[in-house]
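Please build the complex by placing chain E on the supplied structure of chain P, with the hints as guidance.
Going line by line, the protein sequences match chains P and E.
As numbered in my numbering, residues 1 to 240 make up the first sequence, in order.
As numbered in my numbering, residues 1 to 725 make up the second sequence, in order.
Please keep in mind that the hints were generated in silico from the structure rather than gathered at the bench.
We put the beta carbon where it would ideally sit given N, CA and C, even for glycine.
Errors might be hidden in some of the hints.
Examples of chain E residues lying across from chain P (beta carbon under 7 Å, computed) [stated by the list, open to error]:
1) L42
2) D684
3) G709
4) V711
As a plain string of letters, each chain reads:
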Amino acid sequence: MHTALVIAKRELTCQLYSSIGYVVLALFALGTGLLFFGLQFQRGAEATMRSTFTGIVWLLIFLAPAISMRLLSDEFRSGSIETLMTAPVSDGQIIVGKWLGAMGYFVMLMLPVAVLIGVLEACGDPDYGPLSSGLLGLLLVGGFYLAIGTFASALSENQIIAFLLTIFIISFFTFVLYSLPNASFIPNAWREGISYAYVNQQFDDFGKGLIALRSVIFFLSGIALFLFLAAQVLESRRWR
Amino acid sequence: MKSTVPQTHAQRRARFGLNVAVSAAAAVVLVILLNVLVYLTLPGRGIFRLDLTATRRYSLAEQTLGVLDRLDKPYRIVSLVARGGLPDEQQRISDQVLDLVDEYAARSSHIQVEHIATSDIARQESFLKELHDHYSAQLNPLAESIANSRKALDNLTTLAPAQAQAIEQLGKHAALQSQDIRQALTHISQLYNTRIMALQQHLQRVGRLLDGPLPNYPGAKAILEAAIEDLDGNFLAPVAGQFEQWARQDQAPPLLSPSTLPRPTAAVPAAVRESLLQIAEQFEAQRKDLQTVVTALRVAPAVQQYEELVTQLGSNDVLVVIGPGQVRVLSVLELFRPAEAGADGPQEVPEYSFLGEEMLTGALVAMALNPPPLVVFLYAGGPPPLGQDGQYLFNYVAEQLRKVGFRVEQWTPQPMTDRSGQNTIKPADPPKPQAGQKTVWVVLPADAGDMNFLAQASSQSVMDHVRQRMEAGDNALFIFGSTPMAQFQPSPVAGILAEFGITPQLDRLILSQRVTPAQGSVSTSELHVDHWPKDFPVAAALGGMPAVFVSASPLLLSPSTDALKVWPVAVVEGSSLWAQLNPDPSRLSEAKYDPAAAPPDGRFIVGAAAEAGGRRVIAVADPIWAIDQLTQYKTVMLVDQRLVSTIAFPGNAELFVNSVYWLAGQEELIAAGARAQDVRRIADISDAGMAGLRWAVLAGLPSACLGLGAVVWAVRRRDLSTPAA
Numbered sequence: 001m002h003t004a005l006v007i008a009k010r011e012l013t014c015q016l017y018s019s020i021g022y023v024v025l026a027l028f029a030l031g032t033g034l035l036f037f038g039l040q041f042q043r044g045a046e047a048t049m050r051s052t053f054t055g056i057v058w059l060l061i062f063l064a065p066a067i068s069m070r071l072l073s074d075e076f077r078s079g080s081i082e083t084l085m086t087a088p089v090s091d092g093q094i095i096v097g098k099w100l101g102a103m104g105y106f107v108m109l110m111l112p113v114a115v116l117i118g119v120l121e122a123c124g125d126p127d128y129g130p131l132s133s134g135l136l137g138l139l140l141v142g143g144f145y146l147a148i149g150t151f152a153s154a155l156s157e158n159q160i161i162a163f164l165l166t167i168f169i170i171s172f173f174t175f176v177l178y179s180l181p182n183a184s185f186i187p188n189a190w191r192e193g194i195s196y197a198y199v200n201q202q203f204d205d206f207g208k209g210l211i212a213l214r215s216v217i218f219f220l221s222g223i224a225l226f227l228f229l230a231a232q233v234l235e236s237r238r239w240r
Numbered sequence: 001m002k003s004t005v006p007q008t009h010a011q012r013r014a015r016f017g018l019n020v021a022v023s024a025a026a027a028v029v030l031v032i033l034l035n036v037l038v039y040l041t042l043p044g045r046g047i048f049r050l051d052l053t054a055t056r057r058y059s060l061a062e063q064t065l066g067v068l069d070r071l072d073k074p075y076r077i078v079s080l081v082a083r084g085g086l087p088d089e090q091q092r093i094s095d096q097v098l099d100l101v102d103e104y105a106a107r108s109s110h111i112q113v114e115h116i117a118t119s120d121i122a123r124q125e126s127f128l129k130e131l132h133d134h135y136s137a138q139l140n141p142l143a144e145s146i147a148n149s150r151k152a153l154d155n156l157t158t159l160a161p162a163q164a165q166a167i168e169q170l171g172k173h174a175a176l177q178s179q180d181i182r183q184a185l186t187h188i189s190q191l192y193n194t195r196i197m198a199l200q201q202h203l204q205r206v207g208r209l210l211d212g213p214l215p216n217y218p219g220a221k222a223i224l225e226a227a228i229e230d231l232d233g234n235f236l237a238p239v240a241g242q243f244e245q246w247a248r249q250d251q252a253p254p255l256l257s258p259s260t261l262p263r264p265t266a267a268v269p270a271a272v273r274e275s276l277l278q279i280a281e282q283f284e285a286q287r288k289d290l291q292t293v294v295t296a297l298r299v300a301p302a303v304q305q306y307e308e309l310v311t312q313l314g315s316n317d318v319l320v321v322i323g324p325g326q327v328r329v330l331s332v333l334e335l336f337r338p339a340e341a342g343a344d345g346p347q348e349v350p351e352y353s354f355l356g357e358e359m360l361t362g363a364l365v366a367m368a369l370n371p372p373p374l375v376v377f378l379y380a381g382g383p384p385p386l387g388q389d390g391q392y393l394f395n396y397v398a399e400q401l402r403k404v405g406f407r408v409e410q411w412t413p414q415p416m417t418d419r420s421g422q423n424t425i426k427p428a429d430p431p432k433p434q435a436g437q438k439t440v441w442v443v444l445p446a447d448a449g450d451m452n453f454l455a456q457a458s459s460q461s462v463m464d465h466v467r468q469r470m471e472a473g474d475n476a477l478f479i480f481g482s483t484p485m486a487q488f489q490p491s492p493v494a495g496i497l498a499e500f501g502i503t504p505q506l507d508r509l510i511l512s513q514r515v516t517p518a519q520g521s522v523s524t525s526e527l528h529v530d531h532w533p534k535d536f537p538v539a540a541a542l543g544g545m546p547a548v549f550v551s552a553s554p555l556l557l558s559p560s561t562d563a564l565k566v567w568p569v570a571v572v573e574g575s576s577l578w579a580q581l582n583p584d585p586s587r588l589s590e591a592k593y594d595p596a597a598a599p600p601d602g603r604f605i606v607g608a609a610a611e612a613g614g615r616r617v618i619a620v621a622d623p624i625w626a627i628d629q630l631t632q633y634k635t636v637m638l639v640d641q642r643l644v645s646t647i648a649f650p651g652n653a654e655l656f657v658n659s660v661y662w663l664a665g666q667e668e669l670i671a672a673g674a675r676a677q678d679v680r681r682i683a684d685i686s687d688a689g690m691a692g693l694r695w696a697v698l699a700g701l702p703s704a705c706l707g708l709g710a711v712v713w714a715v716r717r718r719d720l721s722t723p724a725a
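Only chain E is shown next, with the shape it has when bound in the complex:
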């Protein structure tokens, strides 16, 4: 039998060398394979990761996990966020947002995440182009009409110099006797040139707006419409008319710039007349072209979602959530909210709560709504609450609801009169919910905010409709205010609310007495709120948000039972509050504090929610708390040494929107109280203390290490020099 033991040293080397090489290669391959396997199968998040932070900052809430588990369609979250080279605080915010987005991707196979750094212009542009393509079919009519308008204006600007020159030459025509018309023609020619220059500038602006991956069609449309209307109405039409007038030798007052254009004082020669008529014809033809394109521009349907997208993507850092047929944009700034004042004691650095998870989950839930809930603003008369007319509009809150995909409509059962006030218009049919569509009726006061009328509760016909709809399973948000009529006859709204354990005291108005240096003791109905009840999700989510009520009445609540649950939603607190019986609106500031009408616990409930037999209502006893003037009222504050204009009472809109979410059964959309951030900060150390610490650490610590080394060295030296026993 042949021996396999190598005989020579070279053979042994080769054999053992090969053995080592193979085993080393095998080990390398094994480790690479193990890591590839781990990389492909073991997510770096979720259950395979321990979150040791005190607030479990990197873990998703149960609510979110439930939403993610129920996703059955693909979603994509793209972050357009600045990264790297940022100040510490900004970097922390950026990291927090990106970490959160990654966590969603790790938890659901239906979510794909991409991070695009704002510095990566090429990728950013290709993504924006992709978003544009998402809406391209809907945008086509508008884009086409804009292109046609530009083409028409381009043609006009090409022809215009020759026309202007022809007009100028006409003014120099030898046969033209009238000096005034000569001057006028020269003036018109110059005016035409100026107009064309302005038009070219407009076209350049339009070009810039459309020149990008996400063209600003609404902006371009507005500029083109205005430019065409201006050119047509203020130049082409009057000049064409004027030329015809001169050609006819009409002595009527001039059509264009009466102060500068003269009546013809001498006969216009035939040759000039012909030319004037020719130019007038050209102008008319141009006008016709322009009117055609501007009409097409006007009727081109606006793509509201795209317009919102363009506006929202104007923010620096955003998250874009792309779902089946929908795109939502969340500004990173929206994801942070100032924490409740005084929650953790006074702090130098203002803390912000991170609402990223709530907002992102909310966006996913909203995109999955099918059919989307219907919200109907129900008003008894007067100007519609959603529109441009009228003093008390609810456009802002309606817009917030539309943003999350809710269908928002308005309706009144009352016959209306037209603008002339002569004809009565039959009320339209009420909006009809689709099968399975959650519907919320927002019942507005008879005349919202009319302080002279003291905002009666809605009329009986409105209430009859609401009652009927609630019996069919819909829910309602009641907005009403105090009325002097309440002492004589019960308000219709009180009848419905009584069934839910809510008793509005509509004959009372809550007042607060304040002492001012200038005026001394003054009473006011303006009540500020920034502490919210924590046992009801609608209110709990508002933690720390300022809100204002300016005409609030108290609500009395029955205790909750098994069949009926009642919660306070909005509470005003203060030491000098009282509920004034039948107040005189014109002399509120002079009202005297009435301790007998003060609440025993120093607080009045002005908003309440109730649930009974599967029906839900929310009542807020202030007729104007959600109108645009309050929800959009802005104030200026100092942020990072810059003055920033910000909404003063965000709590008002938030309360409205959260109330509708709850009434629509969409609790998941409510930004549940921001998770405590628990940002632990280094204390305010004095300069001397800081310097001491620096010296101790930078000089003391290394010196101590060296000292220790010296001691060891000395001991070792002594031991070595000592002769062994």
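Excised from the complex, chain P in its bound form:
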């Protein structure tokens, strides 16, 4: 784990030293601010972040791939992956380290959200239960999307392809699973089951102030699956 943390620290430092990281942070701050004022913050409205959180989950469809696209693709492109793979580090440690680094940056992206919560506190008396669960939900959704991004990044040396592939997979868990239950060819009995895997529905409870064990299991198992797949892809490079 220590090795993974070292990799994560290197990854995070790399993000923090990159100007692009701050541009993304600024764009995210603008996006969340627009969501906050557009959907939520009005005189007399309920002092919650539920709509903002829901909006952020949609933003993450594009944001997470942007963070994760370079995780491994950049290493492949620059050739630095060879150094990593010859070092006494397992593929799993590399993948987990990369993902943790991306998560660290993702947590940093939540700083504007913390500022918005501060604004809410100053102008109202928000219930911190739903705020905490909403933040936890965002971390889980972010973690899930970043795991998908890590997997996609392991598949290609081209960052753009990794970015598009990530969006493609995330779209399956969002747009496709949202629309599929409404399709006429889907049997009624399956509709609810299919909706279960719809990420936004899984997040919904978190936004309301609820932490459902099954939602936590859904996200953690999803993260574990895509990190495992990424490790398998990385390992395959050794014998390809």
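Chain E alone, transformed into the frame defined by chain P:
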């Protein structure tokens, strides 16, 4: 021994590739299986979910959990609620209702939930059809009689044009000498055509009412009855009579529209006479058919539950609870109630308490009642309290009780006189509770609300019956008012209430003095209440509900002991209240405030409950607090920039109904004080403040991030340009 190590690169690729593919597929399958297992076995609610909201908004109360645990029959809750694309506040309400319903399903395997969006017309219609089928057996006689009536009227409208034409032709008959009859026949023909057109419109309206998944049989029945009666009574019968009269050359006054129909001035020729009699016969035959169908319509039994269903489903958003043999509809609007004023300080946005859980649980409990409690309105004389005659009726509260499945009856031990006032009718036998059936006797004043008579407490014979029933285990709600007789002889009701530690001061009337700009200081017996005692469930559930008492007397309560529990239920408060001894009803407004008769703590108890030895009573010292005029009194208020007519004193009916629930031992039906909503809202920020915040967040925050990035970039650039030591 043969080596299994691949020898070539291709072999190695194939082997490792297969290995990776298998392990990846296994991982995918494993995760899918895990989630399928979780989905099937781990509910997304209940104990496997943490509710972090301050008020535990998404968790069910212990009372509800107990009710759900005791369910042993299948129930279905179907929501017909608008979803998506709603204004924020409406969306919040919609979400809250749907979440609650889902929580019930998650907590009980006996409850199945279905959400039908109001935009899903096809599913909605199929569900309404299903509800209709639920009552189809009971509705068959009515539906059949309506179909027969429509058929009879259809036949009539088919024949009518030919008949109208024949009448018109008759008016032009060459042998007919009388000009007046000629004109009259033409007029009748036109009238007939007009009537038939109107009838066709009625039939179209009936068609529209019946054309839907939930046909409005009562509405169709009413239209058909009225149309047939009108056609028969105002056209067919008089015209047939008139034709016969003309045929007989009778000089009697005309039967139809005397102002327009003439007496025959000349002999009606035989040919015309024959035709007139023929048409009259046809009309008589048609009348006979119509009378047959209208009689069948009248006697067709009304299906009250279905009628209520049709009315209630007229609301936009509803929850339909379907239990064994029963269907209940809860309007989403009914699930919200204005919070108690001043509870959280003045607020710009009116807060509403969510009563969804209480109402839904109440509906489930009510559907499980077997046998349903019996409520008997016991009156000493005068017009029955449940009916159409009489000034002081209790139909509204009785209806509320019927809605939750209670059996409601009325009875008097007094012999009655018939409408002629000549004959005495022996009193009917009192309603007999079934074995194990909880019974509540609502004891009404001798002459409810008769201010001239000052509403005596019920007569001795009523009290004897109540005492007898209470000894058998029944409970009673006593409604009474002040009476000048109280100073001379004790009221019979006082005797029973004394056993429960309640002493009514029936020789006093509570008055309040108000200062009005126009009249100066005025006394009134109208007392408004919107704060209720919180230590008794019947009253606690009314938190914030306005009620009114217009002729209240004070009650004195003994302190509670282990054997006797006494609670105030309704309390009037104010700085200028007093209990006027023997007031003059005609000069109440002139009564002067008497500080000596004012309550020491500024409040009078006007309603009280007591429990002793397993018996329960509730006493309310105002003879008319639950009559229809007060419980249904409406006022107009501004809601969402629309004027809405709403019941002004909902607390009156609610107090009555909750009292009966408590007396029937059905506390679970009482909408226990709405859970505090604790809706935390954003403060009223000035325009400048809002603009400042917008700028700070939308411009300041991204700029700060960019600034930070610039600093990092500058530092990095400096570090990189500095030669290593």
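For each hint, the structure was consulted:
The interface hint given for L42 of chain E holds, since its Cβ lies 5 Å from the closest Cβ of chain P, which is under the 7 Å cut-off. Checking D684 of chain E against chain P by beta carbon gives a least distance of about 5 Å; that is within 7 Å, so the hint holds. The criterion of a C-beta within 7 Å of any C-beta in chain P is met by G709 of chain E, whose closest approach is roughly 2 Å, and the hint holds. Because the beta carbon of V711 of chain E sits about 9 Å from the nearest beta carbon in chain P, more than 7 Å, this interface hint is broken.
The structure is inconsistent with hint 4 alone, although it conforms to all the rest.
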